[in-house]
Structure formats: structure tokens, C-alpha cells
Amino acid sequence: MKQLDVTLAARSFVEGRAIRTTLFRHRRLGDEPLMLVLWQLGAEPFSLAAASFGRSPRDQNFVVAGDPRNRDLAFAALLKMATWFNGHFEAPSADREEFEHWGQILTRSRSAPQIVVANGSTIEMLGRLGRRLAYLRTDGPKAAPLELVRFGRHLLFLSSHARMPGQQIVIALTELVGSNWATGQSPEERLSLAALNAYISPSKSHAFYEAMKSERYAIGPVPSGEDDENLEPLVEAFNQRRSGDVSAKVVAPLLKPIEDHYRRLVGRTWRLAWDCYERETKWPEAPSVGRRWDLDREAYTQHIDWTMGIGRRRTRQTPRQAAILLRRLEEAKATLEAEEACDDALRMIPYLLDGKAIQGRVIQLDLNNRELANTRMVRRPLVVISSPDPCLMPCGKELWWSVNPDGKSYEVTQVRADEDGGSIVTLKLTTSSKSTPMPRVGQEVCFSIHTTGTVRFFKLPPTEPWTHRPEAPVAEPVALEDSEIRS
Amino acid sequence: MKVNISPDVEKRLAEIRADAAPRSPTVRVLAAYANHADCNLAALGFAARVDFDKLLEGTPYQVQFGQSPFAFSRGIAFERMVSARDYAETLNLLRTTMGFKIEDARTQDLRAKYQSQRLSMGLRANETREIIRQILLGRPTSYNLVGGAVLEANIGGISARFEADALAARFGGPIHAGEVKSFPVVDGRADPDKLSAALDQVSIYILLMRRLVDELGGDPDLVSRIALLITPTNVGLKPTMSQKDVGTRVARSERLLASVPDVTDIARSVPSSLTFNVVADQRADPGRRADELHKIADSIGTSYTPTCLSTCGNAFFCRERAFRSGSPCLTGPQSSRLLPGISSLNRAAALSGGAPPALNEAPVAPLLARAGRLYDAATKNSRFKSSSQKVAV
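Those sequence lines, one after another, are chains A and B.
Its first residue numbered 11, the first sequence is counted upward by one per residue in this note's numbering.
Its first residue numbered 0, the second sequence is counted upward by one per residue in this note's numbering.
Watch out, some of these pointers could steer you wrong.
[To be verified] Some, not all, of what chain A presents toward chain B, calculated at C-beta under 8 Å:
hint, residue
1, 270
2, 356
3, 359
[What the hints assert, rightly or not] Think about it this way: if two alpha-carbon atoms lie no more than 30 Å apart in a straight line, the pair counts; the simulated DSSO-like pairs of lysine-lysine are:
hint, chain 1, residue 1, chain 2, residue 2
4, A, 90, A, 259
5, A, 292, B, 379
6, A, 366, B, 379
7, A, 223, B, 379
8, B, 294, B, 237
9, B, 294, A, 223
10, B, 193, A, 343
11, B, 379, A, 214
12, A, 292, A, 223
13, A, 90, B, 237
14, B, 294, A, 12
15, B, 237, A, 152
16, A, 223, B, 243
[What the hints assert, rightly or not] Derived list of chain A stretches under chain B, where covered just means 3 residues or more per stretch with a C-beta under 8 Å from a C-beta of chain B:
hint, stretch
17, 16-26
18, 250-263
19, 345-352
20, 484-490
Keep in mind that the hints were calculated from the coordinates and are not lab data.
Where is the CB? At the ideal position from N, CA and C, for every residue including glycine.
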């Protein structure tokens, strides 16, 4: 939490509703996302008790398992969802375009599917379901349908890709909405999509009271104890009446009471999730979203190509894989922060407050300034800006102009305090190239530490150092289905 | 429960508790209390053994900490599985994971031996003590594996008993404490939050076991710092055993137990008329019950933080008090730290709009004013400077 967050939280508290923290939407939101609402049974982490899925608020498909502790019943429900999901998820991969990557011509899908869920817990559940399904045996006495295995592999990809900062294939609404709105709530309370939403669109009373009412309802996938207390007799009756039979013919007519129970719970989250999603789509998209979407399309294409070929992935990384992934995550986070700050004046404010950026009006421009570089004089244009704020940056600090963050850097060469408590800052462009864009006198500008142009190379030693060698080789993934949830 | 405090103090605590649902200090209660040990209301409830989770039932402030019956039955089923057939599965894990020679293992399930819950705790505590004494004496007939041990501790002057569905195991070497949990381990990993809570729990058992060994004249270091955790692996309930050094957690548990205020001091420090009588009366008007709790809270003080929401039954009540006063703690501890000297969120909002600061607000006021000015300037020409109508708080 930064000073701006506290300031806006205080204002939100006084105004009685949420305050927008961005001028743009920093994620692509497609017209027909794949909305998933999941519900698990009690503390059974691998059980899908009920689910709703669809591509529009009215296109609500709904499945319940009955008692998902039974493998056959759980898989029957999952198979219905898998059949629907695989079709929609894999379809975009058929339409490809070529692109150049470090001199190589590669292909990528022209579009990618987008999965929307209510919260981060649902993404974790997708990962658990993926882990359960992706490594199932498709031969032998308890052969699983191939459709389920593919579904599991897609879910594993989604839960893994969700960790990438700025990715847009999996959208958790609590994160999307939470990053765009400040509220007078604690971080713990903001994890409830219902409570967060109540702050954004309260009725006449203060949002605190609306949120208090809303947060009592479970959003899924973890059920409330009270809801499961109501469910327990229904599941017991269901199990008694089916007497161990798992055939669809016997099970289907017995599911109605359990369906009614879940339809109410899942339906509430379904409407809430679509309301939140549609509200966010109305905000203008930030300019750098397209670049990140390109990366998403590439990641999606690679996943599809791998899944349709070999398909298996490690569930525990080798030290080398872990180091590479960590580096990629750090780079993606740095680039995301830079892009969002340069796209959006509100996102730049925390850096202005932290002394990592300076903004003001250009009062002087010296395009012909020259200085000695090694043996000859070279052109080094100077930009002098007048900022209403004090500048605490040291001379020599490297900054980038926010409208050209992937261009050449500027160097702080002089900082003077003015009479009004502001500062006069002189910046020197570190190239003599005349093609580099320059600000005009009188223009409002912002220079910050953020750059999107740095290419970072990462070289690992050919073998892991002894400090990073595991005692035993990293285990190959195995099927989890060595026993029933209840034996 | 045995109480080693004076009858006067016990009488006063009973008056404070009145007809409120009582609660014994279990490991879970202790862990919950540790999260808000600086709250006077929580300390009073802990000392008077008031079950705050039930105190406000029937009012708008009632919390829902109910556990899913499916989660409960999963835990029971798993515990039964590891203790079935004289702990056959557990012994097998001790053999394969720890390398123990278990051919002549002697096991004792104290929970099964003493079925009646009400009377069993004291009897099990005595028997646990005797078993540990036999182990220390090195008797060949002593048990190697004990399930459902009960350990005693003095918590702020109250003698409390902690029921460990844990196992004390000794096969020639040190004594180990363990815990049975039904959350799964997949690919060698478990849910970090659940794992952490389980290890905290075992660390308290290890601490109490060390104290017991010391009391019996043995070497406390005979109790291993390695916690044993038995959990299901993968999708099913097939058990697996994990080991983890919890030395630092044991030290933290020791500090926690030492920091619990003495119940005698608490009983004597509160006003003589203070009682939860009306607050706990479910036949009384909810508004009156809340008013009475407000009076108690006003007289002794509370210390709300958002973490109370997951551990304290009075959390909704205290949160509304924080809301009414506009306390910065409403938005989290980080927010409070960033607003030193600022009495309320209303005041922080006013300072962000350029209101002149008081002397104690001077360090933060310029930052708030600058943040507010930058925000207003960035949204000046925007259609969404504020999405709101002003609402009176």
C-alpha cells in the first residue's frame, strides 16, 4: 500500500463509495469470454461439486456432480464441462498468422480464448483440477476419456500462465476490479468480489453497509459452512437412493434437490461476475494492452502445439526451470509497471510521490548543446522543466520520457529549488540522434525511471552449481488417481 | 477445568462471563487470541473464558465461522484411517519414513480408551504424564506410540488442557510430537497456510511436552524439534508422513504463552459492574445487547484490525465501531502506519484536499495534500474524477 492508496481509501470512505484508480483499462476484455464459476465440496480440494460456464450472461450452462467424492460421478460432471470448454478453448488455435522472432518466422493464433473467473481461489481450483485430470491414464481398466485429459492440461496451463504479470488469458475479477478501484476496505475484505462490488455500485446508503450484507455470501469455490450444512442431508439422501449406482440413467433423476441448492449459489456469483466484467469493459483500453495480448497469443499457441503433441509437463520444476521462470516473471512485472505508468497518468502518481518520476512544464530547450565525449564534441540536447514539486533525485539519475519509454534515456544534470517550493530540473538526452522525439517548450512532460526498451539477456551456467542441485532428480508427474477420495 | 486462581477471582470471572457460552483454551483458541493479544476486550474474553464466536448470535454482528460437515467428516475419516488396527498405517509410515524398528511397537490410543469426553481429559492428562514418565525411565513395557495425548499448561494463571490428536512416538531415540491433518500433499507440496497452522499447533505440543519432561526430571532436549505431520497424499486418503524442524516456532509459542496476561490482573482491572450478562442474553433486544457491548468496549477499549475478521466473533461489531469513528485501522494496518498522527480517515481525506494541518499532522499532511493534488489534476478533465454522490458517514 502506498500513499496514494491511503489517500484514495480515505476519500472513498468519506464519499461512501469506490474511487477509480486508473484512467484506462489495462487488460483486454473480449466480447465473448469463457466465464467459469466453480464450487467445491467442503474441504475436498479436488472435487468439483457444481459449475456454471458460458460465453454470455444468458448462455449459462450448469452441471452438478451429486457427490463428487465418487470418481465416476465427479468425472461425469467434469466431462460435460470439458467437452464444452475444449471446443471453445481450442478453436482459436486453427487460425494462425506468421511473425518474426529474432530472425525466425514462427506462427501464432490470430486470437486467443479468454477465461474469466470470480477470484484467485477459483484459479487455484482450476490448477488443482488440472493436476488431477492432466495425468490420468487413458488405457487400462479405469481409462479416463481423452477429453478430460486435454481439459486438465488446459487448466494446468491456465493456472500456470495466470502467474505471469499482465497476462490477459485468465482474468480473476477480484484482481481486475481491485486494481482499478480504491475503497475504504482492508485488503482482506477486498478479496470478496461481492463486498468489493458493493462499494463500487452502492445504493443510497454508505457502501460499508452494502458490503457488510454482501460479504456474508460465499462466492465460491469454497462453500460456507452454513451452505454445506444445508447440502449434507441432500447428498446423503442422494447416495441412499442411488445405492451405489453411478449410471446416468439412475443418477440424473435424483439430482434435482442438489441442483436446486447449487443453482441459487452459483447463480448469484454468475450474475455478479458478469456485472463486474461488463462494467469494466466500458473503460477505454490502455495502449500497451495490445503488446501483452501478442505475448498471450504466443503463449496460448505454444501450449496448444505442445498439448496436441507430447502434452506432459513437469509438476515440479528443475532448478534451471525455476530460475528461468523467476527471471521471466520479474521482467514481465517490471515491464507491466512501466507500461501502465507510461500509459496512465494515475498509475504514474505513486512514482511521482516516491521521487522516482518528475513532471512539470518545459521552460527551456537547448537542442544544440554539445559536450566532449571521449575525443570529440557531440550533440547532447538539454531539456529544462519547471516542476511544482521538490525533486530529490541525484544528478546522474537515468530517466525516460513517458511518451517515449522505449527510446533513449535522459540524465539528470542539475536540480535547483525554486521560490515556490518546486524545482527546476535540467535533463540531458544521452544520444545525438536527431530522430529521437523531443518535447516542446511549454509542454507538460513526465520523466520517470520506467523504460520498456531494455532487453535483458540472461545466461545460466551449463550445469547447476552444487548449491542448487537437488538431492534426488526431480520426480516425474504421476496420476493422482491411485485411490478414491473415499475408499 | 482445574483453575489455580483464588476463589474471589474465579467468582468475579464467573460474574463477568454470566450466561455467555463458555470456551476452554484450546490450541485453536490460543492461536486466535495470539492474533489480537493487544485487544483488551479479547483479553477479557479469553480470561473469563467467554466464547466470543457465540456471544453475538442473534444480532446483526453474528459471525459465521461454521465448518462444513463435509470438511469435518473428511478429517474424522482420515483420523480413523491412521489409528485403525492399532495404528498400523502410522507405524508403517514411521518405519518407511523415519527408519524406526517397529516390530515390537507398543501403542496406546487414549481417545479410544477414555470414551467419555467430559471426564476423559483429566484422565488422559494423567495417563499421558505416566506414559512419558515410563518412557523417561526407559521401561521396556513403555509405549512407543500414543494417540490422543492430553498435555497441560498454565495459561495466564489458568490450568488448561490441550488435546493433541497428535502422537508422541519414541523408538529408542528422541520423543516426537506429531499431528494428523486431512489437507492433501500433492507433488510434495501442501497448502502453505494450512501447513503453517498445523506446524504452529505441533510446536505448542512440543513445547508442552518439553515442559512435562523437564517437570518429570528428564532432559527437555529429549523431545525432538522435528514435527511429524501425517496427511493424505494426492486425491485419496492414503496417508503420508512429512518432517519439519519447528525450533523457531517452538520458541515463538513459548513467547506467546508467556505474553498471555494474568487473569487475576484482568479481573481486578475491569470495572466491578462489568458483565456480559445482557450481551449474551439471546432473548434480549439485539440493539440493547449491542449497546451493552458498546459500553463494555468503551470502558476497557478494543483494538480492531482486519485480521480479527477471520479469528474473533466480535469482529463485525468492532469493525462497525471503527467505521463510526472513521479509524484508519478500518483499511488495514499498513494504512494506519502511513497515517501517523492522523486521527481519522475523514481527516486524511480533508488533508488530501488541502485542509491546513494541525501540529501532529504536519509530517504526513504534505504527502496527503500532494497525492490529492496529483490525483485531482490527473482526473480534472476526465469523466470519472469521482463516480459518486457524496454520502454522509
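Against the structure, the hints come out as follows:
With its C-beta approaching chain B no nearer than about 18 Å, residue 270 of chain A sits outside the 8 Å limit, and its interface hint is violated. For the restraint placing residue 356 of chain A at the interface with chain B, the shortest Cβ-Cβ distance is roughly 5 Å, inside the 8 Å limit, so the hint holds. A least Cβ separation of about 5 Å between residue 359 of chain A and chain B falls short of the 8 Å threshold, and the interface hint therefore holds. For the proposed pair residue 90 of chain A and residue 259 of chain A, the alpha carbon gap of about 15 Å is at most 30 Å, so the pair holds.
Among the hinted pairs, residue 292 of chain A with residue 379 of chain B is consistent with the structure: their alpha-carbon atoms are about 20 Å apart, no more than 30 Å. Note on residue 366 of chain A and residue 379 of chain B: the hinted pairing holds, with a Cα-Cα distance of about 23 Å set against a maximum of 30 Å. A C-alpha spacing of about 34 Å is found between residue 223 of chain A and residue 379 of chain B, which places the hinted pair above 30 Å, so the restraint is violated. For the suggested pair residue 294 of chain B and residue 237 of chain B, the alpha carbons sit about 53 Å apart, so the restraint of at most 30 Å is broken.
At most 30 Å may separate the alpha-carbon atoms for a hinted pair to count; residue 294 of chain B and residue 223 of chain A meet this at roughly 25 Å. Simply put, residue 193 of chain B and residue 343 of chain A have alpha-carbon atoms about 28 Å apart, close enough for the 30 Å limit, and the pair holds. A hinted pair counts as satisfied when its Cα atoms are at most 30 Å apart, and residue 379 of chain B with residue 214 of chain A qualifies at roughly 26 Å. Of the supplied pair hints, the one linking residue 292 of chain A and residue 223 of chain A holds, its CA atoms being roughly 27 Å apart against a limit of 30 Å.
A distance of roughly 29 Å separates the Cα atoms of residue 90 of chain A and residue 237 of chain B; the hinted pair therefore holds under the 30 Å criterion. For the proposed pair residue 294 of chain B and residue 12 of chain A, the alpha carbon gap of about 36 Å is over 30 Å, so the pair is violated. About 19 Å separates the Cα atoms of residue 237 of chain B and residue 152 of chain A, which keeps this hinted pair within 30 Å; it holds. Proposed proximity of residue 223 of chain A and residue 243 of chain B is contradicted: the alpha carbons are some 42 Å apart, above 30 Å.
By the rule of at least three residues with a Cβ nearer than 8 Å to a Cβ of chain B, the coverage given for the stretch 16-26 of chain A holds, with 10 such residues. Residue count for the stretch 250-263 of chain A with a Cβ under 8 Å from a Cβ of chain B: 0. That is fewer than the three needed, and the coverage hint is violated. Under a criterion of three residues with beta carbons nearer than 8 Å to beta carbons of chain B, the stated coverage of the stretch 345-352 of chain A fails, only 0 such residues being counted. Chain B is given as covering the stretch 484-490 of chain A, and this holds because 3 residues of the stretch bring a CB closer than 8 Å to a CB of that chain, at least three being needed.
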